[in-house]
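J.: Each chain, letter by letter, is given below.
There are 2 protein chains.
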Amino acid sequence: MNKNQLIFREATIEDLDRIVYLLSDDVLGNKREQYKQPLPESYIKAFQSINSDPNNELIVACYGEEIVGVQQITFTSFITYQGGWRATIEGVRTASLVRGKGIGSMLIQWAIQRAKDRGCHMVQLTTDKKRPEALHFYEKLGFKASHEGLKLHF
Amino acid sequence: MNKNQLIFREATIEDLDRIVYLLSDDVLGNKREQYKQPLPESYIKAFQSINSDPNNELIVACYGEEIVGVQQITFTSFITYQGGWRATIEGVRTASLVRGKGIGSMLIQWAIQRAKDRGCHMVQLTTDKKRPEALHFYEKLGFKASHEGLKLHF
Numbered sequence: 001m002n003k004n005q006l007i008f009r010e011a012t013i014e015d016l017d018r019i020v021y022l023l024s025d026d027v028l029g030n031k032r033e034q035y036k037q038p039l040p041e042s043y044i045k046a047f048q049s050i051n052s053d054p055n056n057e058l059i060v061a062c063y064g065e066e067i068v069g070v071q072q073i074t075f076t077s078f079i080t081y082q083g084g085w086r087a088t089i090e091g092v093r094t095a096s097l098v099r100g101k102g103i104g105s106m107l108i109q110w111a112i113q114r115a116k117d118r119g120c121h122m123v124q125l126t127t128d129k130k131r132p133e134a135l136h137f138y139e140k141l142g143f144k145a146s147h148e149g150l151k152l153h154f
Numbered sequence: 001m002n003k004n005q006l007i008f009r010e011a012t013i014e015d016l017d018r019i020v021y022l023l024s025d026d027v028l029g030n031k032r033e034q035y036k037q038p039l040p041e042s043y044i045k046a047f048q049s050i051n052s053d054p055n056n057e058l059i060v061a062c063y064g065e066e067i068v069g070v071q072q073i074t075f076t077s078f079i080t081y082q083g084g085w086r087a088t089i090e091g092v093r094t095a096s097l098v099r100g101k102g103i104g105s106m107l108i109q110w111a112i113q114r115a116k117d118r119g120c121h122m123v124q125l126t127t128d129k130k131r132p133e134a135l136h137f138y139e140k141l142g143f144k145a146s147h148e149g150l151k152l153h154f
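In order, the protein sequences belong to chains A and B. Using the UniProt record's numbering, the first residue of the first sequence is number 1, and each one after it goes up by one. Using the UniProt record's numbering, the first residue of the second sequence is number 1, and each one after it goes up by one.
These are computed hints drawn from the structure, not numbers from a lab. Computed from a predicted structure; not experimentally measured. There's no promise every hint is true.
What follows is a list of derived Cβ distance ranges for each label pair [claimed, not checked]:
id: 1; chain 1: B; residue 1: LEU141; chain 2: A; residue 2: ASP128; range: 14 to 22 Å
id: 2; chain 1: B; residue 1: PRO132; chain 2: A; residue 2: PRO38; range: 44 to 52 Å
id: 3; chain 1: A; residue 1: LYS116; chain 2: B; residue 2: LYS31; range: 33 to 41 Å
id: 4; chain 1: B; residue 1: GLY142; chain 2: A; residue 2: LYS144; range: 37 to 45 Å
id: 5; chain 1: B; residue 1: HIS136; chain 2: A; residue 2: SER96; range: 37 to 45 Å
id: 6; chain 1: A; residue 1: GLU139; chain 2: B; residue 2: GLU133; range: 23 to 31 Å
id: 7; chain 1: A; residue 1: SER146; chain 2: B; residue 2: ASP53; range: 25 to 33 Å
Using N, Cα and C, we set each Cβ at its ideal position, and we do this for glycine too.
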């Protein structure tokens, strides 16, 4: 695999099936997602919401015709930090067959550059404490685990 | 102070000066914010972005004419969790004169109800590890510190 041939682009509706497959092919994702045919309508609605929102981008990493990675980047204007914009990264996954080849790093570095191009002052994400290896991965990329990430599920 | 008289509403541009004051009157906020007259243009631009975005709400708690609390709630459509919507809470502050009177709890409970009304499946936030008392505050409200909150500042 030649990583120079990876292409990063916004996802289209035709990519959605593969994206949901990638999200579900994961130790935590397989409990949360529902990958089946036809895809549950909720995924299609979410894709449409993201696609029509200029501050929300679903990005795929492609190797030839194959989607080998995905991430979602959301840009938000906050009042804090003197009215600064932040990018939030969510749902980062790489295909199990190509894990450990640096595609995850390239996805995050792509997101960091995109955030800079959009004038953000910060990139942020949360990572489940059940994934200690992910924490190390993000720290190597320059992130600081300065915050607790709190969730309240309904 | 009779908490039953608190009113929660979306902020207007006339409230912005007081909001920036509240954000800056804080042990971490006083390093990040710039409260001066006239207010830096970046705050006004951020207010306009938030105000024109149906998925971004700046909420104030009012006691009579006085703004005694503020928070920002952002609603985001993600592909993860079967295309679920989440609410993210940011920039929660109460006026120093009324701290410890339960206004912070009422702000968060208001946000939780708002998130339910909007069809979210989760409310999330990050809290700086330099605020251990805040972690306890959110845990009492039902949040779980299941994630690490990672930030990369440019």
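J.: Against this structure, judge whether each hint is valid.
T.: Comparing the hints with the structure gives:
Between B/LEU141 and A/ASP128 the beta carbon distance is about 20 Å. The supplied range of 14 to 22 Å therefore holds. As the Cβ distance of B/PRO132 to A/PRO38 is approximately 48 Å, the hint placing it in 44 to 52 Å holds. A hinted range of 33 to 41 Å is violated for the C-beta pair A/LYS116 and B/LYS31, which are about 22 Å apart. A hinted range of 37 to 45 Å for the beta carbons of B/GLY142 and A/LYS144 is inconsistent with their spacing of about 27 Å.
Our hint of 37 to 45 Å for B/HIS136 and A/SER96 holds, since their Cβ atoms are close to 39 Å apart. At about 26 Å, the CB distance of A/GLU139 to B/GLU133 agrees with the hint of 23 to 31 Å. For A/SER146 paired with B/ASP53, a C-beta distance near 27 Å keeps the hint of 25 to 33 Å intact.
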